Structure formats: structure tokens, C-alpha cells
Amino acid sequence: MDSNRRDFLKLAGLTAVAGVAIPSAFGSLLKGEAMASGGPEPVAKTTGKRYGMVIDVKKFAENPGLAEKCINACHTNHNVPDFGNKKDEIKWIWVDSYEHVFPADSQYKRPDNLYKLPILTLCNHCDNPPCVRACPTKATFRKKDGIVGMDYHRCIGCRFCMAACPYGARSFNWRDPRGKDANGRPFIKAENPQYPTRMRGVVEKCNFCTERLAIGKIPACVEAAAEAKGLIFGDMNDPNAEISQVLKTTYTIQRNPALGTHPSLFYII
Amino acid sequence: MYGKQRIIPALILFVGVMTYPIWSSSSDAAKAPKPEKPKDYKECVAPAQFMRTTHMKLLNDWRDDILREGGSRTGHTADGTEFVRSLQNGCMKCHSNKKKFCDVCHTYTSVKPYCWDCHLQPKEAM
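Here the protein sequences line up with chains A and B, keeping their order.
Every number in my numbering is 29 more than the matching position in the first sequence, counting from 1.
Every number in my numbering is 943 more than the matching position in the second sequence, counting from 1.
Hints listed in this document are in silico derivations from the structure and should not be mistaken for laboratory results.
Be careful, since some hints might not be right.
As the list claims (entries may be wrong) - Below, simulated BS3-like cross-link-like pairs (lysine-lysine); rule was C-alpha separation at most 30 Å, straight line:
(1) B:Lys985 to A:Lys173
(2) B:Lys1066 to B:Lys982
(3) B:Lys947 to B:Lys1036
(4) A:Lys98 to A:Lys87
(5) B:Lys977 to B:Lys1036
(6) B:Lys1000 to A:Lys167
(7) A:Lys78 to A:Lys60
(8) A:Lys246 to B:Lys1042
(9) B:Lys1055 to A:Lys218
(10) A:Lys209 to B:Lys1055
(11) B:Lys985 to B:Lys947
(12) B:Lys1000 to A:Lys209
(13) A:Lys218 to B:Lys1066
(14) B:Lys1066 to B:Lys1041
(15) B:Lys1066 to A:Lys246
(16) A:Lys167 to B:Lys1055
(17) B:Lys1042 to A:Lys218
(18) B:Lys1043 to A:Lys209
(19) A:Lys209 to B:Lys1036
(20) A:Lys246 to A:Lys87
(21) B:Lys1042 to A:Lys209
(22) B:Lys1000 to A:Lys172
(23) A:Lys218 to B:Lys982
(24) B:Lys1066 to A:Lys98
(25) A:Lys172 to B:Lys1043
(26) B:Lys980 to A:Lys209
(27) A:Lys218 to B:Lys1041
(28) A:Lys218 to B:Lys985
(29) B:Lys1000 to B:Lys947
(30) A:Lys116 to A:Lys98
All of these numbers come straight from a predicted model, not from anything done at the bench.
Working from the sequences, and respecting the hints, build out all of it.
Spelled out as C-alpha cells, the structure:
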């Protein structure tokens, strides 16, 4: 057999590559370490805090104006601007119809009054939040207590999170929230000096009143609906909390649970 | 030297013009800024020299700790006074005049922080 230096080097190189690659490939495949993309779906934690909310839609139907009261409490507390048109609208908490809040649920042969219900909705503070995965700057993140928070300093306004959120809970500041409309009326009617505003070009959303929870208060919307008991807020991992009792004894539904986002909002319809 | 009648006076004039900012006392460019300190409070959250050089990092650390890690919203000064770890609700409580405190140095050093694009400054100082 003819053999020269070139062929020998080729063979030696191939042998070296095969010697390293084959055992490591077999090693990880046989042991089952190599995962298909994504791996197992994260499951809601049962230890530690996880804040959640039950929205009793019946109470909102019985008390007209209650939902507006909640929205007002939230938006004045957090300096949420009102740009006066649907296109630029900023909403942390809002009211929508059944078919829009639960589009994945069957709309076939449902009672007529279902579609008249004022369904309050806000950020779901998902256990597996798609917005957090989409954010390229880690401006949005999931805290240990289950709250999906935002750091507006880091937001670059790419709006990937808005595309990722299946619940439409995020709004983009197309205009300067500190500005004024054509009639000289400021977009933020009365500034809350305790809380910052946002600037043009950032996304914003509900923060479950993390700044109020830190000083022992309940969220502003829950406080506004306290008298009518429309909203029940608490730590879902605490078996003695009111919310845990309600969830254990009442049938509730979540917004599009099939997506695997594990929302922290539950509805009593 | 060839042409010294013109070169020597021109050199003296040149050196004079170039060193004018150094020997002239009329310019206030060399004066260090004097931010107005709060009258009712003696002690800051950290020593003055640290605050002078590192306040921006301190604010970032507070923000990341509170927002992401759920850190405490309050802290204690060396003599035990409680303060709120917040620019808007903490710092500005004592340093209530942004124009006479923040802006004095920031203007001098031509620094343009974007704090006030979102955070609200105390009303009475605006």
C-alpha cells in the first residue's frame, strides 16, 4: 500500500476528532442528558411567596362603576397618562368583554348576559412569563414573589415583550407622558409625587403594586374594590390566606391556560 | 538672529494669550461648584467623599436591589437615622432643591443625567 505523509496526517487528524467526539456524543445521549429544545415546562412553585388575584366578575356586574373606580385608583397612583385616544392608550388595568378576555374559550351558544359583563383585567404575572423570555435587555423580570416587574431604566422600547404577551397587558409610550394635548391639558391629570412617570419610548404595565406591598399596603385596585369584595389578593402559596381558601372552594377560570404561561389571575364568572 | 524685531514680540504675545486663563483671576472657570447642603440634616447615607464620587452607582445599586431582589426600601445612616432608599422619596427629602444641589455640579461638569425624565422633582423647588 502506497502511503505518504499527507495521507498519514489526514488519518491521524480524523482519528483524533472521532476519539473526542464519539464518546462524548454517546455519553450524553445514552445518559439522557441531551434535551429537545426547551426542555421540560417549568411548573408553578409551591414554596415561597406567589402573589395572585381572584377577580369576582359578578361583584363588578352588581356594582356599576366599580371597575372604573379600580382603574382610576391604579392609574392615578402610578401616573399613568391618558392620551385620549385608543391608538396611544396606556393601560395597566382595564375592562374588556368576555370574548376579548377569553378568546380561546368557546363562544358557541353562550348566555347573552355573559357578553355584557364588565371583565376587569390586568397583567397576569405569569409563572412562566413569555415577556421575560422575549426581553433582550432583562428590563422585565420575574421576582421571587411571583411579580413580573419592569425596570424602565433598561427598557429600550423594542416592544418584543408586547408581541410576546398573549394578554395585551403591555402598553408603549408613543408620546411623552409628561406632555400636554392640543388644549394644553396635561396627559397626567394629577401627578403622584411618590411615584415616577415614564418617558417616551418605553413599555409599561401593571406591577401588582410592588411599591405598596413593600410598605404593607394592598394593591390600589384591591383597596378600591375592598368594600364590594370584587378583588381578592394574596399569597397563593399560603394555605391560610383568603385567596387560597377562595381558590380551593370556588370554581375559577384563567385566561388561556393552554399556553402554559401559568397566570396568577383567576376569574369567578 | 534674523528678524528678531518681529519674532520676539510675537512670541511674547503668543505666550501671553495662551496662558491668559491661568493668570487671569477674572475667570470663574477654575472655581469649584458649591452645592447647597440641607440645613436640617447633618449626616448623609454615606460619607460625603463617597457620595461625591459614587452616588450614581449607589442609586443604581439601590434600584437593582429593591426592584429585582426585593431588597429593603429603607436603610440606616451611621448614626442610626432611618432613610428611604429612593431618589424621589429619599434623597430629595433632604436635598429638596434640585437646582441648588444636583444641577450645580452636573452643569459644571457638563453631565446630563436622565433621572428627571421620569422621576418627579420636589414641587416647591421647580
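Right, here's what the structure says about each hint:
{"no.": "1", "hint": "B:Lys985 to A:Lys173", "in the structure": "violated (37 Å)"}
{"no.": "2", "hint": "B:Lys1066 to B:Lys982", "in the structure": "holds (18 Å)"}
{"no.": "3", "hint": "B:Lys947 to B:Lys1036", "in the structure": "violated (66 Å)"}
{"no.": "4", "hint": "A:Lys98 to A:Lys87", "in the structure": "holds (16 Å)"}
{"no.": "5", "hint": "B:Lys977 to B:Lys1036", "in the structure": "holds (19 Å)"}
{"no.": "6", "hint": "B:Lys1000 to A:Lys167", "in the structure": "holds (19 Å)"}
{"no.": "7", "hint": "A:Lys78 to A:Lys60", "in the structure": "violated (35 Å)"}
{"no.": "8", "hint": "A:Lys246 to B:Lys1042", "in the structure": "violated (33 Å)"}
{"no.": "9", "hint": "B:Lys1055 to A:Lys218", "in the structure": "holds (28 Å)"}
{"no.": "10", "hint": "A:Lys209 to B:Lys1055", "in the structure": "holds (24 Å)"}
{"no.": "11", "hint": "B:Lys985 to B:Lys947", "in the structure": "violated (64 Å)"}
{"no.": "12", "hint": "B:Lys1000 to A:Lys209", "in the structure": "violated (33 Å)"}
{"no.": "13", "hint": "A:Lys218 to B:Lys1066", "in the structure": "holds (15 Å)"}
{"no.": "14", "hint": "B:Lys1066 to B:Lys1041", "in the structure": "holds (10 Å)"}
{"no.": "15", "hint": "B:Lys1066 to A:Lys246", "in the structure": "holds (25 Å)"}
{"no.": "16", "hint": "A:Lys167 to B:Lys1055", "in the structure": "holds (24 Å)"}
{"no.": "17", "hint": "B:Lys1042 to A:Lys218", "in the structure": "holds (25 Å)"}
{"no.": "18", "hint": "B:Lys1043 to A:Lys209", "in the structure": "holds (27 Å)"}
{"no.": "19", "hint": "A:Lys209 to B:Lys1036", "in the structure": "holds (28 Å)"}
{"no.": "20", "hint": "A:Lys246 to A:Lys87", "in the structure": "holds (25 Å)"}
{"no.": "21", "hint": "B:Lys1042 to A:Lys209", "in the structure": "holds (24 Å)"}
{"no.": "22", "hint": "B:Lys1000 to A:Lys172", "in the structure": "holds (22 Å)"}
{"no.": "23", "hint": "A:Lys218 to B:Lys982", "in the structure": "violated (33 Å)"}
{"no.": "24", "hint": "B:Lys1066 to A:Lys98", "in the structure": "holds (27 Å)"}
{"no.": "25", "hint": "A:Lys172 to B:Lys1043", "in the structure": "violated (37 Å)"}
{"no.": "26", "hint": "B:Lys980 to A:Lys209", "in the structure": "violated (34 Å)"}
{"no.": "27", "hint": "A:Lys218 to B:Lys1041", "in the structure": "holds (23 Å)"}
{"no.": "28", "hint": "A:Lys218 to B:Lys985", "in the structure": "violated (37 Å)"}
{"no.": "29", "hint": "B:Lys1000 to B:Lys947", "in the structure": "violated (58 Å)"}
{"no.": "30", "hint": "A:Lys116 to A:Lys98", "in the structure": "holds (23 Å)"}
Hint check: violations occur at hints 1, 3, 7, 8, 11, 12, 23, 25, 26, 28, 29; the rest are consistent with the structure.
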